[in-house]
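Novice: Could you slot chain B onto chain A? The hints should help.
Chains as they are written, first to last, in the UniProt record's numbering: chain A, 1 to 760; chain B, 1 to 760.
Derived by calculation from the structure, the hints in this document are not laboratory data.
These numbers come from a predicted model, not from an experiment.
Errors might be hidden in some of the hints.
Stated by the list, open to error - Subject to a maximum C-alpha distance of 25 Å in a straight line, what follows is the list of computed PhoX-like cross-link-like pairs (lysine-lysine):
#: 1; chain 1: B; residue 1: Lys305; chain 2: A; residue 2: Lys305
#: 2; chain 1: A; residue 1: Lys55; chain 2: B; residue 2: Lys740
#: 3; chain 1: B; residue 1: Lys305; chain 2: A; residue 2: Lys64
#: 4; chain 1: B; residue 1: Lys587; chain 2: A; residue 2: Lys267
Protein chains: 2
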Amino acid sequence: MNLLKNLFSPLYIDPNMVNAGEMNGSGNLMDFLDEPFPDVGTYEDFHTIDWLREKSRDTDRHRKITSKSKESIWEFIKSLLDAWSGWVVMLLIGLLAGTLAGVIDLAVDWMTDLKEGVCLSAFWYSHEQCCWTSNETTFDDRDKCPQWQKWSELLVNQSEGASAYILNYFLYILWALCFAFLAVSLVRVFAPYACGSGIPEIKTILSGFIIRGYLGKWTLLIKTVTLVLVVSSGLSLGKEGPLVHVACCCGNFFSSLFSKYSKNEGKRREVLSAAAAAGVSVAFGAPIGGVLFSLEEVSYYFPLKTLWRSFFAALVAAFTLRSINPFGNSRLVLFYVEYHTPWYMAELFPFILLGVFGGLWGTLFIRCNIAWCRRRKTTRLGKYPVLEVIVITAITAIIAYPNPYTRRSTSELISELFNDCGALESSQLCDYINDPNMTRPVDDIPDRPAGPGVYTAMWQLALALVFKIVITIFTFGMKIPSGLFIPSMLAYHHHDWIIFRNWCRPGADCVTPGLYAMVGAAACLGGVTRMTVSLVVIMFELTGGLEYIVPLMAAAVTSKWVADAFGKEGIYEAHIHLNGYPFLDVKDEFTHRTLATDVMRPRRGEAPLSVLTQDSMTVEDVETLIKETDYNGFPVVVSKDSERLIGFAQRRELILAIKNARQRQDGVVSNSIVYFTEDPPELPPNSPHPLKLRRILNLSPFTVTDHTPMETVVDIFRKLGLRQCLVTRSGRLLGIITKKDVLRHMAQMANQDPESIMFN
Amino acid sequence: MNLLKNLFSPLYIDPNMVNAGEMNGSGNLMDFLDEPFPDVGTYEDFHTIDWLREKSRDTDRHRKITSKSKESIWEFIKSLLDAWSGWVVMLLIGLLAGTLAGVIDLAVDWMTDLKEGVCLSAFWYSHEQCCWTSNETTFDDRDKCPQWQKWSELLVNQSEGASAYILNYFLYILWALCFAFLAVSLVRVFAPYACGSGIPEIKTILSGFIIRGYLGKWTLLIKTVTLVLVVSSGLSLGKEGPLVHVACCCGNFFSSLFSKYSKNEGKRREVLSAAAAAGVSVAFGAPIGGVLFSLEEVSYYFPLKTLWRSFFAALVAAFTLRSINPFGNSRLVLFYVEYHTPWYMAELFPFILLGVFGGLWGTLFIRCNIAWCRRRKTTRLGKYPVLEVIVITAITAIIAYPNPYTRRSTSELISELFNDCGALESSQLCDYINDPNMTRPVDDIPDRPAGPGVYTAMWQLALALVFKIVITIFTFGMKIPSGLFIPSMLAYHHHDWIIFRNWCRPGADCVTPGLYAMVGAAACLGGVTRMTVSLVVIMFELTGGLEYIVPLMAAAVTSKWVADAFGKEGIYEAHIHLNGYPFLDVKDEFTHRTLATDVMRPRRGEAPLSVLTQDSMTVEDVETLIKETDYNGFPVVVSKDSERLIGFAQRRELILAIKNARQRQDGVVSNSIVYFTEDPPELPPNSPHPLKLRRILNLSPFTVTDHTPMETVVDIFRKLGLRQCLVTRSGRLLGIITKKDVLRHMAQMANQDPESIMFN
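Next up, chain A with everything else stripped away, as it sits in the complex (with noise of 0.2 Å):
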């Protein structure tokens, strides 16, 4: 109380306030039981948190920390270190999650190039990184030298040829399987939770859900190595996704060194949504798209505070991922173009077609993902997850090879076409004719008649395509790590090309085909997770093209309003509706006609709700309705007669608080009186010692009236985060409306199964 009072200055000292905020605040400091039991303040696994209780757990935290740093100097130091420790833990989650991301690039690189050869100087050397050593390259022909062989040309020392070929096609489908078998057999032995994207259930638990593990050590070690492999052996898979997860996980593990972050659910959540950030910044270079990303995208929370300390985080992920420079550019972008040529208005109307097939595809996407998810789930197919890995590796193994377009990792595929035809490419889809007849200069490549290779480019890269969308919608959601991203940036749309080169006139240098690429890409992220803001922030951090957000931000803006005009849901939000988590989105807009008098406990002819008087039960009582019910709290009221609402009682600290009544407190025996009441009455000397609860009371519980409209509960419970809201009539305790009831209501008037919502 000093500190109160010494907070008010003497000009504006107001008497009556001082002292009802003592009498008050003595009422809630000096309680009856005045040891804290252990487990108070914690939360059953599955179930919501109460973002308000939380936050003001961590104002207390905060209260006591600062009314203790004026009593000595290591005190004082004390509640500095505890102020700075959020900024601690960003740099440490951006340390660690930008040195996994650095060693998963490189282990990944090596991996994707063993199943074709080995380095015979080092074996642990990538395709590039042994090219580059050996000094005999010359520009021409980086790719190939002579420390690195084929598996046919160390084996059975043949390079050219049938059975070479066949030999490495083999080899090349035997390490896949290897490589997705390890990867499926750690994650169901180690961490179930390491498979999926993940993002999904961060989204669920930074919404405030409970999942014990889901974010342990044991996840993120397991998730990072099944990362590489799964990449590595070569499905439609993406390491984005996964690597939010794994910066989640960094993000918990530094969190629980601190006990403002690992005892406080609420404030754990805002360091999680900064890993999240933190995760996409590594996972595309691209630090300000992974702010935007987990402010759009993932979290639920977002205070502003959160939005700096997540822009750091993201800085310094991002910076220690280029001190390790997997890529070998010193830059922070992933695929760096080079070009910089305008684009022209009329350019707008195939972004915008673009966009419009983005959309397209990413509801085809979704529906077709999720029907193989359901029936993965529902009928006897989940129950072979090994198999099933098994199957689709090698499927994806056996039609990928041939085409040298699916055999190499994805990123080296789409930094391939983003990137222009310049006059030394040697790519194959870089193979104009060169016609020294010609008086242009030689980098006008527009100009120049498409050699052979482009047209031979165009049909694999269709090929390609085809493939990529099919296997990707059997991929998503097997029991692996697995992300979308790069994937869906891949269903690029290369037809325009074609179009377009009859529709230039020669000599004006009118389309870039890498911009094309960039924009489909964009497109069909755009359709698939219906991000916009943080996917065009995304897309030009990656390539540096900042000329170019117009065209991405058309392309994004369309292919997201095609999508929605065929179903609201993104993948993200409809794994998570698959799952049944309890999770309230914040873009869903409840527009019904219902009030919560429709929506509350109990309806129309059900049993009374369970309530606890304040004076008048025994512990017996209590532990009998407790016993009876299985309802996560219980309002307490004056009496069952006047059904005055006084506070709320959580049924988790009824139990932990009666059973240490009982352990320790003499004299508390079934017929004691439970008392939720501030001063409890004298008692006549024989009767049983008093249970005093009023410690474990909510004195402000949340409440609406019954017609208060649902479109405003819902809001409530969104914004404030709530677990549960009492609904009363003039002052008269009617009901109780739970987030479960919230979810299941609006399942219902979305006409779906209610039943679906499964977690409190």
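Specialist: For chain B alone, coordinates are given in the frame of chain A:
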């Protein structure tokens, strides 16, 4: 009700629920005052809106349109148009804001040059345009051409010499004074709200405050014209803040064309948030930065839908501006930097130092500016705004002319500072000695010794820096349109050049002076406005330097930390407090241990709360209560004894309803009983006709218990945008907390004068 029934699938229908919905729905739909009377649902000037109520009104509107859309094709088209009107408004705002920004840029260019001379071939050409059209210019002498004549050349036919200099000097001052006088007069006569940067007021308006006319058509017109005049007059002001105001005026104008936005203050604010993004977008050519600025700095309620729309508006605006092409370089980017040299880790230290400097400068600036503005408000100084402007303009012009760095327009200067010296650069800053004996290539500039021009430039820049710092303090807040961004950027730090020139070993291309200017600018702006992410994004969009995001971030975060250590308020918040606007900042954390009961009215010993009863007061009683109090609304209770809360009636609507009923409903006299109940009892035949007011009763008033901690109450007010909240204890009404009470309590706890919060 048919709609509701249709929405239930036969599978999940719950008869209880539908019945309940029907009953309550009809209770709401068909109330007793069937025709809505005019002005219901509007707010008075200088009052706060109720966000929840606005939102629920919008949902009602939406529902009505959806249900109508099934009736006919025409209604269906109308509903589609309504759904698209948001995007249409964004498009229009983008187009108008971009156009206005382009026109302003062109006009400022012309008028700034008009102070020095005139173009003979066409007087409406600026210096650059004039010489552009002239064919006689060579590359070396871009700035000199015969068509462009200084005033001395034109009037006395002298271009050199003391008398010509004095004549030019005199005319420069004269023009500046003319412009400034014209501007201040226009503002005073036509649109007093057009003064200042506008950002503090826009923040307040977006948080839910009504200031009629602040975003009106007159303000738009006058602000645009005077902005040109003021910036041309050479005052140390940027056009960026005012451009945000102009864009918001555009937003307000277009939203008044669509009833969806014009009739709903909440929806209107969504449009205004997006308009603010468009304003920053055109001010800096930074669409993403604009959106983040709106999110981080200005907006209060920023749902994801607004994020997308803001981005769209910002892009359209930037694109329109690019099409107008006022800078003649067909880029979105204002100060495009050409250099892409990497920076070194060791440089982080000076960057952080720049951040510290920026933070200190920000604190100093805010303190001095607020002190000066307070002085202006409280002393006689404030009575002579015209004189003040004239004096400051005269001082600025007199001091600015002799120094070439202050004479030219601020954006030209920044553009020069940000740029690296090329071999062909004619700027004095690049006057390095070209030693022909040296073997190094000519473009390896850092090795060459600095020529005398560089040292002259250093001195002039140092003087310019000091002058700009001092004069900006006095200028910001005058009664003319004024922005801070560009002047703050100016305060860059050039000393590092000298330090580092010695530190670098010759031959190493180690320091990029332009980068230091950029980082210094970011640090200063960060110190003044306390932005972080949006600032960094704006800076790198402004310059196109994606590589320098880490240095920029380091400086911005350091600057914010340093400045926050001296005081949490940025310049805009400081001005909001100075003006006493009711702004509940999302960034402030309330950590005091007070309860709702300490803040609510009535306090202990005060008269009891003025309440209405549901069925026992006459029209006269109500009128007396309205006359005797000035509260904005009254709780309605069952009876004065029981104090059980039924609902809440707004003062404004009570007055309107009673007035309306007395005029139009027969039999409603002073003796009529006012009923807030659903079914008034049958009255004896002779008794006066009852007045049924359930229609205007808010049946879901927001309540908290008296034990609710104030931090929770503050959170609820912030997140739900409440206007007032009722306080109950075990079902009985105890008191009321308004937004003003909350703000006053917060001011009191922060040791400030609670009376400084002036509005409700």
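Novice: Check each numbered hint from earlier against the structure, then list the numbers of those it violates in ascending order.
Specialist: 3
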